[in-house]
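Asker: According to the working numbering, the sequence shown is numbered sequentially starting from 1.
Misleading hints may appear alongside valid ones.
As the list claims (entries may be wrong) - Label pairs and their calculated CB-CB ranges: (1) Thr137 to Thr183: 16 to 22 angstroms; (2) Val180 to Asp74: 33 to 39 angstroms; (3) Thr50 to Arg122: 30 to 36 angstroms; (4) Glu157 to Thr50: 37 to 43 angstroms.
It is worth saying that the hints were derived from the structure and are not from the lab. We put the CB at the ideal spot given by N, CA and C, even for glycine.
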Amino acid sequence: MSTVVRALGLSALLTLVPVGIGVGVAGDRTPTPKAAVYQGTDLADFDSTTAVVRRAPFCELVAKEAVAEALGGDGELTAWGNGEKAAAVPGGDVAHEYGCAFAGSGAEARAWVFAPPVTRTRAQALAKAAPARGCTTTAGAAAFGTPSVATTCTSGEQRTVSWRGLFGDAWLTCTLTQGVGATEADLVDRAGRWCVAVAQAASVVPS
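Generate the whole structure from the sequences, applying the supplied hints.
Answerer: Dropping the structure here:
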């Protein structure tokens, strides 16, 4: 065999080796990372000063696990947007907010953010006016924005725990309602964790 032929054969072999290796590597599939398991966060452990809440729809971004934890099971979603008239809005009025309600068996979790920007002065007035008839302000409650207010309201056989607070120029509210048969301490704890999930969802920028 001539020197030229041998050289060409060696060159072809050296070319095939990396190609074969490349095909083998391409065939290997890297396992897809699994999504992190949802873990609720107590409101007292949540730094609400770092949350940048958007005045925009957010309900579809709330973790399903957070809804299940708050309600003790699955919930049916009803959402509304700015300028919409929804039955879920008190009085059926036109909403000037983005919000939603998750209804479960004997419990309901709600959350909404005002569409218009809110100043600190306006927020202080809103916080002061939050305790309505049948409601009490929760002294020493964990912060939910600055300023913020936490209330517990009882109406008939239902008790509602809520937090309201200012995040930048966004006034965010979250509530959890359940029968009075549940202990108030447990309801406050679950409501706080629900509010953290809401603030986190409202702070996410969709990709």
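Asker: Each hint needs a verdict: does it hold in this structure or not?
Answerer: Here is how each hint holds up against the structure:
1. Thr137 to Thr183: 16 to 22 angstroms: holds, 19 angstroms
2. Val180 to Asp74: 33 to 39 angstroms: violated, 23 angstroms
3. Thr50 to Arg122: 30 to 36 angstroms: Once the Cβ atoms are compared, 22 angstroms apart, the range 30 to 36 angstroms for Arg122 and Thr50 is violated.
4. Glu157 to Thr50: 37 to 43 angstroms: Holds, at about 38 angstroms.
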